[in-house]
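S.K.: Here is how the chains run, residue by residue.
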Amino acid sequence: MSSLNKIVLIGSIETNPELKATNAGDSVINFSLSVDRPQRPDGTQGGTDSIKVVAWREKAEVAAKLNQGTLILVEGRIQTRSYENDEGQRIYVTEVEARELKPLVGSDIAGIQTATVSATTEPVSTPEPTIETKTVDDASNFDFTDDSAELSKPPEFGSEVEEDIPF
Amino acid sequence: MYNKSFLIGRLVRDPETRVTVSGITVSRFTIAVDRFKKRGEESSADFIRVVCWRRLAEICGQYLKKGKLVAVEGPLHIDSYEKDGVERESVEVVADNVQMLDWGTESVHEEEMTERSES
Chain E
1498 MSSLNKIVLI GSIETNPELK ATNAGDSVIN FSLSVDRPQR PDGTQGGTDS
1548 IKVVAWREKA EVAAKLNQGT LILVEGRIQT RSYENDEGQR IYVTEVEARE
1598 LKPLVGSDIA GIQTATVSAT TEPVSTPEPT IETKTVDDAS NFDFTDDSAE
1648 LSKPPEFGSE VEEDIPF
Chain Z
2 MYNKSFLIGR LVRDPETRVT VSGITVSRFT IAVDRFKKRG EESSADFIRV
52 VCWRRLAEIC GQYLKKGKLV AVEGPLHIDS YEKDGVERES VEVVADNVQM
102 LDWGTESVHE EEMTERSES
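Chains E and Z, in that order, give the protein sequences.
Residue numbers 1498 to 1664, in the numbering used here, belong to the letters of the first sequence in order.
Residue numbers 2 to 120, in the numbering used here, belong to the letters of the second sequence in order.
Simulated from the structure, these hints should not be mistaken for laboratory data.
It is possible that some hints are incorrect.
[Claimed, not checked] Residues from chain E shown here face chain Z by an in silico Cβ test under 7 angstroms; the list is partial:
{"#": "1", "residue": "1503"}
{"#": "2", "residue": "1504"}
{"#": "3", "residue": "1546"}
{"#": "4", "residue": "1575"}
{"#": "5", "residue": "1577"}
{"#": "6", "residue": "1579"}
Computed from a predicted structure; not experimentally measured.
Yeah, the Cβ is synthetic: ideal placement off N, Cα and C, and Gly gets one too.
Start from the sequences and build out the full structure, keeping to the hints where you can.
M.R.: What follows is the structure, encoded as structure tokens:
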């Protein structure tokens, strides 16, 4: 089923975030982000939203280095969950799970700029170039008398050879 | 400061639409937004409350029904209120744009149900 869940926030960190670890060893951090609403048409301040944010693993490590008042960008998803408190009441929580955390201007904390973590920037191993050895065998008209150094590279076939490839 | 969310989900139940004492129409509904599911995992969803005002609320109250797929765009607002002497918090997306993504079987209009709220 099609679905989309995305939120972008710019706000300041309300309290110094505290890094915790789950039993499984994952680091997690919770903090509130203070986001001012736009001014009302009459020029008065529109109020402030205090939005709960949760970040995991590398993103939690980044957030742990940030101080109260730091202006950051948070991109993530809105998550709802519930738990039972000590009095047996069911508590419903709506919070933002951060996919990306980026300190903005004025938050020149050493190392933060480079430590900014995006879930999408995980190292991607470049796939080994696949040489279709079978095709090379089939290409009987390939000139093997050529400079042998050429053979270390995948040979470039003429268009007539490409037509022979059975797919 | 910036605050904007983009959601696509299905209405969990019919919207509740009413008119405030000052004469402004307000419509509230909850949408279920499917979570990304890995193979073998059970499907789950986030249930996100949406509120819209004025003309948009009238349209939502008129056309939205339980099970309809909608796209919602707007800021996430946190408001605190008191109920039975206990301080509570409401967390909802204030829709400034709602689009219906399936018209279902009773499709009569081709028109887009998009309406910018005045706020």
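S.K.: Give a verdict on every hint.
M.R.: Hint by hint, here is what the structure shows:
no.	hint	in the structure
1	1503	holds (5 angstroms)
2	1504	holds (4 angstroms)
3	1546	holds (5 angstroms)
4	1575	holds (5 angstroms)
5	1577	holds (5 angstroms)
6	1579	violated (10 angstroms)
In this structure, the one hint that does not hold is number 6.
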